[in-house]
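Undergrad: Note that the protein sequences, when read in sequence, are chains W and H. The first sequence finishes on residue 1395 if you use the working numbering, and the numbering steps up by one all the way, no holes. The second sequence finishes on residue 452 if you use the working numbering, and the numbering steps up by one all the way, no holes.
A portion of the hints provided could be inaccurate.
To be verified - Quick partial rundown of chain W residues pointing at chain H, CB under 8 Å, derived from the structure: (1) V1236; (2) E1256; (3) V1259; (4) I1260.
Said to hold, decoys possible - Residues from chain W that keep clear of chain H, each with C-beta distances beyond 12 Å, as calculated: (5) E1154; (6) A1158; (7) E1171; (8) A1253; (9) P1257; (10) A1268; (11) F1302; (12) G1310; (13) E1311; (14) S1318; (15) T1345; (16) R1348; (17) S1349; (18) G1354; (19) S1371; (20) A1382.
It is worth saying that the hints were derived from the structure and are not from the lab. Glycine is no exception: its CB is placed at the ideal position from the N, C-alpha and C atoms.
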Amino acid sequence: MRGSEAPAPTGAVRGGAVEDSGAVAKVLRQLVARAEVKETRAMIAASDSLASFRVLTFAGDATEPSIESYVQAQLPADGSRMGRQRLEVTTNGDERTVYAVAFDRQKVQGLAATVRLAGLEPTVIELKSLCLARTVTEPACLVLDLAADPAEILLIDGSLPRVWHSFRVDLESTGEVIEKLASALRSVLSFYKRLPGGSDFSPDAPVFITPDRSLPTSGTGALEQLVGQPILALPSPPRVSPEIRYASFLACIGLIMRRR
Amino acid sequence: MKIKRPGQVRETERRRHLAEVNLLVERGEKASPSRRGCILPVIGVGLMLLLAALAAAVGLVL
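With the hints as constraints, model all of the structure from the sequences given.
TA: Okay, structure coming up:
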């Protein structure tokens, strides 16, 4: 397992969408060469800012048309600009759980085009939230990603992504950062607990902060007091080589963990 | 429309809940084209052969 990373050129990526394909493709080619990768197929984790997703649970006898109708109402998508997909995640007789996503087709195709420009063949594009949820063994938790810009919070329940939220925070402003982080985490928790079934979210569910040591120990303690959930460092996903800095490559690891 | 609460997930069933979605593939399409032929030409050729065999048999009888 090999990994390589580089920042996107300034202005080349905005809001998760590629604004300058040539510049990004050039960096991708350099990364592939540096990591000495011979494989030409590529899987891409797309920013959640390009899409909206819902996890919906229906009665076991719900019909396909009724499910489709409800999904359309939750995720309106016009025929041309927005695409929509849904996937039945579980069926256990009593209920059916469906993961549905509406995404900006043009921006998603823009990612694919950029990867092709780099000489690679895109085979999969998947939302980063779904990739991250696959790497986390804890079925209920929050992941606070302070390496992303803007910072991101992902709430996972039943091993599925449920809520994604991004917000700006200046980690250098030590006086306000803990309060800002606590406010963002509380708003995500509050939002989720108002959804059907969300009130069962355990107060023992951990908040994983990545990368490790993003906050001083004193800050972690204060954050735990304000949020009311345990604050922990994100553990390594299973079967990842110890020399890989997994926190930097979580989305990639989630893509590799796909079965198809 | 009844919306039920998500139940508790047993660890043994956790992997069943790991969704995989590919935004490159629109719903109803496959990422790579499936190799699927058409049965009609085979049926047509079969009928032709049968008719030819019948014609030959009738010709022999006559």
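Undergrad: Which numbered hints turn out to be false for this structure?
TA: Per hint list: 2, 9 and 10 violated.
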